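Order-wise, the sequence lines are chains A and B.
Residue 1 is where the first sequence starts when you use the working numbering, and the numbers rise one by one after that.
Residue 1 is where the second sequence starts when you use the working numbering, and the numbers rise one by one after that.
Derived by calculation from the structure, the hints in this document are not laboratory data.
For clarity, every value in this text was computed on a predicted model and none was experimentally measured.
You can trust all of the hints, since none of them are fake.
Listing some non-contacts, in silico: residues in chain A with all C-beta distances to chain B over 12 Å:
{"id": "1", "residue": "G39"}
{"id": "2", "residue": "Y130"}
{"id": "3", "residue": "V186"}
{"id": "4", "residue": "A190"}
{"id": "5", "residue": "Y234"}
{"id": "6", "residue": "G236"}
{"id": "7", "residue": "S249"}
{"id": "8", "residue": "D257"}
{"id": "9", "residue": "G259"}
{"id": "10", "residue": "V267"}
{"id": "11", "residue": "R276"}
{"id": "12", "residue": "E294"}
{"id": "13", "residue": "D308"}
Residues on chain A that point at chain B, a partial pick, calculated with CB under 10 Å:
{"id": "14", "residue": "I70"}
{"id": "15", "residue": "L71"}
{"id": "16", "residue": "V90"}
{"id": "17", "residue": "L92"}
{"id": "18", "residue": "R95"}
{"id": "19", "residue": "G97"}
{"id": "20", "residue": "V98"}
{"id": "21", "residue": "F100"}
{"id": "22", "residue": "R103"}
{"id": "23", "residue": "H121"}
{"id": "24", "residue": "I122"}
{"id": "25", "residue": "Y123"}
{"id": "26", "residue": "R124"}
{"id": "27", "residue": "H170"}
The beta-carbon is built from N, C-alpha and C at its ideal position, and this holds for glycine as well.
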Amino acid sequence: MTDVVHLQDVRKTFRVYRRGGGGLPRLRRERTTVAAVDGVSLDIERAEMVGYVGPNGAGKSTTVKMLTGILAPSSGDVRVLGLEPMRQRVELAKRIGVVFGQRTQLWWDLPLSDSFELLRHIYRISLDRYRTNLETFTGVLDLAPFLATPVRQLSLGQRMRGDLAAALLHDPEILFLDEPTIGLDVIAKARIREFLASVNAERGTTVLLTTHDMDDIERLCKRMLVIDHGRVIYDGDLDTIRKRFGGESVLVVDLVDPGPPISVDGVRVERVDGPRQWLRFRRDKISAADLVAEVASRVQLKDLAISDPDIEDVVRRIYEEGV
Amino acid sequence: MASRAAIYGRLAGSRLRAQYQYRFSFVLQIVGAFALSFLDFIEVLVIFHHLPALGGWSLGEVAFLYGSSYVVFRFADMTMGALDRLPVLIRMGTLDQVLTRPLGSLWQVLTTDIGVRHVGGMVQGGIVFWFALTRVHIHWTALRVAVFVSMLIGGAVIFCAIWVATNAIAFWTMDAREVANSVTYGGNYLTNYPLHIFGVWLRRLLAYVIPLAFVNYFPSLYVLDKRSPIGSPVLRFVSPLVAAGAVVAAGAIWKTAVRHYRSSGS
Chain A
1 MTDVVHLQDV RKTFRVYRRG GGGLPRLRRE RTTVAAVDGV SLDIERAEMV
51 GYVGPNGAGK STTVKMLTGI LAPSSGDVRV LGLEPMRQRV ELAKRIGVVF
101 GQRTQLWWDL PLSDSFELLR HIYRISLDRY RTNLETFTGV LDLAPFLATP
151 VRQLSLGQRM RGDLAAALLH DPEILFLDEP TIGLDVIAKA RIREFLASVN
201 AERGTTVLLT THDMDDIERL CKRMLVIDHG RVIYDGDLDT IRKRFGGESV
251 LVVDLVDPGP PISVDGVRVE RVDGPRQWLR FRRDKISAAD LVAEVASRVQ
301 LKDLAISDPD IEDVVRRIYE EGV
Chain B
1 MASRAAIYGR LAGSRLRAQY QYRFSFVLQI VGAFALSFLD FIEVLVIFHH
51 LPALGGWSLG EVAFLYGSSY VVFRFADMTM GALDRLPVLI RMGTLDQVLT
101 RPLGSLWQVL TTDIGVRHVG GMVQGGIVFW FALTRVHIHW TALRVAVFVS
151 MLIGGAVIFC AIWVATNAIA FWTMDAREVA NSVTYGGNYL TNYPLHIFGV
201 WLRRLLAYVI PLAFVNYFPS LYVLDKRSPI GSPVLRFVSP LVAAGAVVAA
251 GAIWKTAVRH YRSSGS
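Can you build the whole structure from these sequences, using the hints too?
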């Protein structure tokens with residue numbers, strides 16, 4: 001089996017209590033069962049880098065938690081590296097790395113380097129390997145300036161870099177990331193993406209990451225899984241999905257003199273604001289170069305800008321329309 | 001196994017160092033716990049101010065129960081006290097972190113907080129225990145020494161097991177501190193006194209459901225050579241077995257409980 005992750009018809013239901021109506025509203029509760037993950041099947045091969053996307057509450061985190069042995073599935077088969085995560089949690093933990101963007105895996109009160117040192121003992125990392133890895137990560141993630149700082153005093157970006165290093169010190173075969181770039185600024189995001197790409201390429205680490213940020217997917221993942229209401233509604237590459245749902249690009253032009261909406265075949269003028277006009281078009285119908293040439297031949301242009309369809313819009317359309 | 005213990009020792013050590021950063025509060029807590037715990041013993045003294053004996057037990061003998069119970073109880077409080085924070089760890093989802101590490105979840109939770117302040121309570125219990133030993137006459141034999149030592153070890157183990165089993169309820173109910181505290185702290189109160197002074201139902205509950213009677217009452221009957229209206233004489237020697245059983249049961253309860261962990265959103 002080359003699959004390092006195997007999910008077959010996995011469900012996770014939670015019992016939810018709601019305050020019901022009726023005589024004693026504070027005492028009577030309605031019990032309902034909610035399926036956070038509702039029959040997910042998927043396989044991930046070694047050294048793949050997979051993005052797991054979906055709106056809030058779609059079941060992304062729940063899936064990751066079942067894969068890492070935190071939550072027990074209600075039904076279905078979960079296998080990670082051939083192990084059953086809940087039953088063989090400790091054995092699995094030695095071979096995977098986990099990073100939750102929302103909360104740290106590090107020791108809050110201790111300097112970052114102390115956390116690493118504790119992890120060396122917990123994972124029984126040989127001193128050689130530990131030193132080599134720490135040196136590499138310190139360099140690539142630029143950890144040196146805050147190695148001696150208690151974790152609670154680190155900025156979010158620093159903490160995330162520390163968390164990533166911590167999760168990789170023991171050379172895990174799979175890295176699970178839950179929202180690794182959440183709340184970070186553009187530069188910090190770029191740095192973390194670059195690091196993840198290099199870990200995947202150089203170490204052959206399988207990576208599964210959940211994210212809200214489509215840029216993460218665009219920059220990192222060939223394969224994308226879209227989940228909604230606990231079900232996988234798309235599993236494939238980004239290009240296909242973009243072609244299928246490929247939204248429209250927008251050409252924004254600033255004219256020298258304000259004029260009437262420019263009419264070109266297959267192009268819709270979305271908005272006119274004085275000398276500025278917004279033109280929506282599809283790249284598979286007319287290329288940006290042709291459109292610009294056409295527009296320039298009719299009016300005098302001062303400036304222009306093109307924005308491409310946001311993959312976020314694409315995914316939103318999948319949620320709304322279904323595949 | 002030994003290296004496992006070393007890792008937990010290391011975790012506990014790092015926790016202690018973090019706690020010791022607040023030195024003044026660290027020391028004050030120990031002193032405070034020491035002073036406060038004497039109030040408990042004053043209750044015993046007040047009772048004996050009015051009565052010559054309690055259920056046929058003299059002040060020295062009750063002090064023997066009190067001291068032995070207090071020392072092992074505070075030891076359990078010190079090592080297991082982190083379980084008080086379990087509801088918070090569960091609600092905040094902090095347990096996620098614990099469960100992704102290749103170590104036992106219970107041991108990791110225990111090392112998140114070391115109740116050093118309870119050293120104060122242990123010292124107080126020790127002083128009362130010493131006071132008791134000067135007042136009672138024990139005919140020390142090899143078997144008595146063995147029962148005495150196994151009483152202290154078994155008692156501590158039983159209390160620790162009760163702590164784990166009752167706090168594990170938090171995995172189902174989110175907050176189990178009231179239930180847990182009534183069994184642990186309430187249990188400590190009951191083991192300060194000879195069991196046969198309590199009503200029959202409470203007695204049965206304490207002896208055979210929550211095995212508090214094996215913490216100190218039954219073995220004390222043998223060490224102090226007392227007659228008892230309850231229990232077979234064999235029960236005086238089985239505390240170590242009961243302690244082993246309690247550990248197995250508590251471990252099973254914990255394991256089942258962790259499977260019911262719901263984590264938190266995102």
